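Enquirer: This is what each chain is made of:
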Amino acid sequence: NAGVTQTPKFRILKIGQSMTLQCTQDMNHNYMYWYRQDPGMGLKLIYYSVGAGITDKGEVPNGYNVSRSTTEDFPLRLELAAPSQTSVYFCATKGPFTGELFFGEGSRLTVL
Amino acid sequence: AQSVTQLDSQVPVFEEAPVELRCNYSSSVSVYLFWYVQYPNQGLQLLLKYLSGSTLVESINGFEAEFNKSQTSFHLRKPSVHISDTAEYFCAVSEGAGSYQLTFGKGTKLSVIP
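In order, the protein sequences belong to chains S and Z.
Residue numbering for the first sequence is 96 to 207, as defined by the working numbering.
Residue numbering for the second sequence is 621 to 734, as defined by the working numbering.
What the hints contain is simulated information worked out from the structure, not anything from laboratory work.
Source: prediction; values computed, not measured.
Every residue gets a Cβ at the ideal spot worked out from N, C-alpha and C, and that includes glycine.
Where hints are given, some of them may not hold.
[What the hints assert, rightly or not] Keeping only pairs whose Cα atoms sit at most 30 Å apart, straight-line, the calculated DSS-like set for lysine-lysine is:
no., chain 1, residue 1, chain 2, residue 2
1, S, 109, S, 152
2, Z, 669, S, 109
3, S, 152, Z, 669
[As the list claims (entries may be wrong)] Pair ranges (Cβ atoms, derived):
no., chain 1, residue 1, chain 2, residue 2, range
4, S, 97, Z, 632, 34 to 42 Å
5, Z, 692, S, 114, 35 to 43 Å
6, S, 113, Z, 672, 19 to 27 Å
7, Z, 678, S, 160, 38 to 46 Å
Hey, can you work out the whole structure from these sequences and the hints?
Expert: Here you go:
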């Protein structure tokens with residue numbers, strides 16, 4: 096069981112470039128999340144999805160977009176990268192009964 | 621709206637000494653409470669959780685946390701820390717399994733000094 100898989104693990108972007116962070120899960124969970132983690136700031140929710148075809152904004156959605164065409168995949172797109180988007184990004188799923196989140200290993204993005 | 625406060629951003633402690641990492645939450649309804657641990661350059665892993673029942677919950681590596689409803693707290697403790705416990709610890713609250721939202725505190729970095 097792979098759990099939650101994120102790619103790439105590391106990426107450097109130039110200002111204005113676009114990219115997609117991939118997230119896939121094999122746990123058949125309906126709920127999926129994207130968080131960003133900045134030093135001393137904890138985790139902030141960017142977007143979440145309660146099932147295929149349904150997405151909604153979290154606390155810090157500006158500059159990002161998501162889609163959820165299947166239960167397994169929840170990609171996060173950055174359209175015009177800015178230095179403020181330098182961060183570590185985590186994808187997670189939520190178990191149906193306990194509310195526990197299962198995290199991927201993270202994607203470290205640097206925008207120069 | 622729910623919120624989580626972790627009062628200490630950094631906690632240094634000598635090896636084999638006890639430690640307590642503090643967590644307070646605010647919520648208007650019944651909650652589920654979690655502690656997650658993040659080792660360097662890794663994702664977050666569940667350490668322990670309180671859903672219902674006994675207010676004292678334990679992890680497999682010697683940590684415990686006690687849910688105190690009157691003080692809205694869920695402090696994490698370990699009687700004797702090891703070097704391998706060096707990590708960042710996050711407290712989180714959810715308003716039940718049906719809630720989409722899990723709110724995290726800002727984290728506490730535990731540094732165990734040999």
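Enquirer: Each of the hints needs a verdict: does it hold here or not?
Expert: Results for each hint:
Taking the CA atoms of residue 109 of chain S and residue 152 of chain S, the gap is near 25 Å; set against the 30 Å cutoff, the hint holds. Distance check on the hinted pair: residue 669 of chain Z and residue 109 of chain S sit about 41 Å apart at the alpha-carbon level, beyond 30 Å; violated. The straight-line distance between the Cα atoms of residue 152 of chain S and residue 669 of chain Z is roughly 26 Å, inside the 30 Å bound, and the hint therefore holds. In this structure the supplied range 34 to 42 Å holds for residue 97 of chain S paired with residue 632 of chain Z, their Cβ-Cβ distance being about 36 Å.
Taking the beta carbon of each, residue 692 of chain Z and residue 114 of chain S are about 41 Å apart, inside 35 to 43 Å as hinted. Between residue 113 of chain S and residue 672 of chain Z the beta carbons are some 45 Å apart, a value that contradicts the proposed interval 19 to 27 Å. Separated by about 42 Å at the C-beta atoms, residue 678 of chain Z and residue 160 of chain S satisfy the suggested range of 38 to 46 Å.
The structure shown violates the earlier hints numbered 2 and 6.
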